[in-house]
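Generate the whole structure from the sequences, applying the supplied hints.
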Amino acid sequence: MNDIFNKECRQSLSHMLSAKLEEEKLSQKKESEKRNVTVQPDDPISFMQLTAKNEMNCKEDQFQLSLLAAMGNTQRKEAADPLASKLNKVTQLTGFSDPVYAEAYVHVNQYDIVLDVLVVNQTSDTLQNCTLELATLGDLKLVEKPSPLTLAPHDFANIKANVKVASTENGIIFGNIVYDVSGAASDRNCVVLSDIHIDIMDYIQPATCTDAEFRQMWAEFEWENKVTVNTNMIDLNDYLQHILKSTNMKCLTPEKALSGYCGFMAANLYARSIFGEDALANVSIEKPIHQGPDAAVTGHIRIRAKSQGMALSLGDKINLSQKKTSI
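All residue numbers for the sequence shown refer to UniProt numbering, where the first residue is 1 and numbers rise by one.
Honestly, the hints are just simulated from the structure, not real lab data.
Keep in mind that this is a model prediction, so the values were computed, not measured.
Ideal Cβ positions, reconstructed from N, Cα and C, are used throughout, including at glycine.
Using 27 Å as the maximum straight-line C-alpha spacing, the simulated DSSO-like pairs for lysine-lysine come out as follows:
id	residue 1	residue 2
1	Lys306	Lys250
2	Lys164	Lys89
3	Lys226	Lys250
4	Lys20	Lys256
5	Lys25	Lys245
6	Lys89	Lys141
7	Lys141	Lys164
8	Lys256	Lys25
9	Lys89	Lys160
10	Lys306	Lys141
11	Lys256	Lys245
12	Lys245	Lys89
13	Lys245	Lys306
14	Lys145	Lys160
15	Lys306	Lys226
16	Lys250	Lys20
17	Lys7	Lys20
18	Lys164	Lys306
19	Lys164	Lys145
20	Lys250	Lys25
Derived Cβ-Cβ restraints for the label pairs, each shown as a range:
id	residue 1	residue 2	range
21	His290	Glu103	48 to 54 Å
22	Lys141	Arg215	33 to 39 Å
23	Leu26	Gly260	14 to 20 Å
24	Asp195	Lys245	22 to 28 Å
This is the structure we're talking about:
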C-alpha cells in the first residue's frame, strides 16, 4: 500500500500533468499558426444588399469566403470543382411536369440566406403577375417580398430572396408560385413548392473551454436531449470521430486520455454558434465484450444547450448521421 500511494500515485499524477501541459502547448501552437492576416486593412468591403443584380452571382462566393475568414472558420472548404459545390446546394422545388418549373440555389451567408430561384415557364401561354410567395418556419425572417414578373412562353427568369437567421436551430422555407394566364378568365393558378430545409451545421463552429467552464455550463443549461447510440460501427474511436465530423463539435478530452483500448469511452464535446450560443455533449459509449469482437458500439449521447431548439436540432443531426452509417 505504501508503494501504491507514495510511488505509483505520484507517477500517475506526474504523467497526467505532463500530458495536460503537452496538450496546452499543442493547442497554443495551433492557435499561433491560425493567426495569419487574410484581410488587409485597406481591402474593400462588399455589402450584398448594395450589390447590383448582375454582379450578385460572381461575388457571392467571395463574400462567404471573406466572412469565414473574418470569423476564423476554416473547416468548411469548397470542393475542388466550384461547379460541383454549387450543384450540391441546388434544391428542386417543383416537378418537371408542372407548368412552372422552379429550382433554388441556397447560399448561406452566416447571418442571412440568399435564395436564387430559377423560374421556367413550360407552357405556351404568357404568365402575368408571376409571384414567388415564401414563408418560414423557425427563427427565420423574410427580408422583402419578391416583385412579380411576366414570363413569355417558354421563358425563364431568376428571382432572389433574402432570409435573415436569428438563432441556431433547424428552419424550413416553404411557399408557392402564383400567376395569371393572359386571356384566361379563371382564377389565379398556384404551384406549391417543395420545402427547403436549412441545416444547423451552417452556424455551429468548434470551440474550446476549460473543464470548470464546461461543468458550470452543464449545471446551468436546462435543456437536455439524450440520444441512444444506434450504429453498426465496431470501433469506439471511429464512432467518436464520426460524431465530431457530423456535428462540427470539438472534443475537449485529451487524446492521451482516449488512447488505448479498455472496452468503454467517455468524452466531452463543445461547440459555439455564430450567435454566441453554447452546445455541450457528453459521449458515453462501450463495446460489449461478451458479444464478440464484431459487436457494434452501444451507449448514449447527452446534449445540453440553453435553448430547446439547439438541443433538439443537434440530436436530430446525430440520429440522421447514425442512420447513414447503419445503412
